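Let the hints inform the model, and build the full structure from the sequences given.
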Amino acid sequence: MRIETGLVDRKGQNICKLPGKKTNKPKKNRKRNQKSPRVVQKLFDTCQEVFATGGAGVVPSPEDVERLRSVLDSMKPEDVGLTEDMASFQMIDRESTPPIIYLRLYECDRFSIGIFCLPQSGVIPLHNHPGMTVFSKLLFGSMHIKSYDWVTDVSNNGKENLDPSPYQSPGKGFRLAKTKNDSIFTTESDTSILYPTAGGNMHCFTAVTSCAVLDVLGPPYSDAQGRHCTYYLDFPYASLSGDAGLEPEGGRAAYAWLEEREKPGDCVFLEAKYEGPKIVEK
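Numbering (the working numbering), first residue to last: 1 to 282.
In short, the hints are calculated from the structure, not lab data.
For clarity, every value in this text was computed on a predicted model and none was experimentally measured.
Warning: the hint list may mix true and false statements.
Subject to a maximum C-alpha distance of 30 Å in a straight line, what follows is the list of computed BS3-like cross-link-like pairs (lysine-lysine) [said to hold, decoys possible]: (1) K146 with K178; (2) K180 with K76; (3) K282 with K42; (4) K263 with K146; (5) K263 with K273; (6) K180 with K263; (7) K146 with K282; (8) K273 with K146; (9) K146 with K76; (10) K180 with K146; (11) K263 with K178; (12) K42 with K278; (13) K263 with K42.
With beta-carbon atoms standing in for the labels, derived distance ranges [what the hints assert, rightly or not]: (14) C267 with S222: 19 to 25 Å; (15) E260 with T83: 36 to 42 Å; (16) R38 with E260: 39 to 45 Å.
All C-beta atoms, glycine included, are put in the ideal place defined by N, C-alpha and C.
Take a look at the structure:
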């Protein structure tokens, strides 16, 4: 996803800047809050190990996937310096689609760590993750996630095969996909994980309430290396197949036709400075 920098509000102030006032908190409170830098650092150190030999299409071992998932499952908003009343999660202009604010914690050729801040009703449109393994942890709020994987082929009896050729619709430019998720996620939900060819590689986020989602991508998007972000429109299976179409296993509702599209004009990603606990490269 292309993310613009230099986010300011109408008064020219950085709307994602975290409160910087000093307070005279009791020592025990300061000690309790000192856990945050350790949590962020642990996340970074784990990513360095998990993606040490990573690359496009390279999936970490099941043990490494679970190790990173465990770290993310334990993370809270305060671990990255977020509060729900920050301006990043407020509606700036209720007459238009609210912008999505991105906080970049770290990025290298092997992985990236960042936070997407969505006001209520904010949407990250349906898009893909070419050759990536992606971990998404909802830090607060609730979010609807709909995700798909490509169907590689469908035989005459509606069963999926492993034939590598994509199954195309009678309409030009449409490709068949199978629904992986279509549900509401909350902070009680486990970290979601998608893979290069499974787990819901194409997904759409819609903020039911204002929310923040922490994303780890391995590897990150790279136009230079051919890992472009592609956006899609989805259509019900029956809308293009008609009564004469195949009857896929699981029923037609479990499938959809996806069509590539340009990035929606009302979809705005803006980058603001991350001011939470810092990451130290070792």
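Status of each hint after checking the structure:
1. K146 with K178: Judged against 30 Å, a Cα distance of about 11 Å means the pair holds.
2. K180 with K76: Since the Cα atoms of K180 and K76 sit roughly 26 Å apart, the hinted pair holds (cutoff 30 Å).
3. K282 with K42: 12 Å, holds
4. K263 with K146: 18 Å, holds
5. K263 with K273: Since the Cα atoms of K263 and K273 sit roughly 24 Å apart, the hinted pair holds (cutoff 30 Å).
6. K180 with K263: 23 Å, holds
7. K146 with K282: Cα-Cα ~37 Å, so violated.
8. K273 with K146: 29 Å, holds
9. K146 with K76: Holds, because 24 Å separates the two Cα atoms, which is no more than 30 Å.
10. K180 with K146: 7 Å, holds
11. K263 with K178: 22 Å, holds
12. K42 with K278: Holds. K42 to K278 sits at ~11 Å (cutoff 30 Å).
13. K263 with K42: 35 Å, violated
14. C267 with S222: 19 to 25 Å: Distance hint for C267, S222 holds at roughly 20 Å.
15. E260 with T83: 36 to 42 Å: 38 Å, holds
16. R38 with E260: 39 to 45 Å: Because 43 Å falls inside the window, the suggested range holds.
Checked against the numbered hints given earlier, this structure breaks hints 7, 13; the rest are met.
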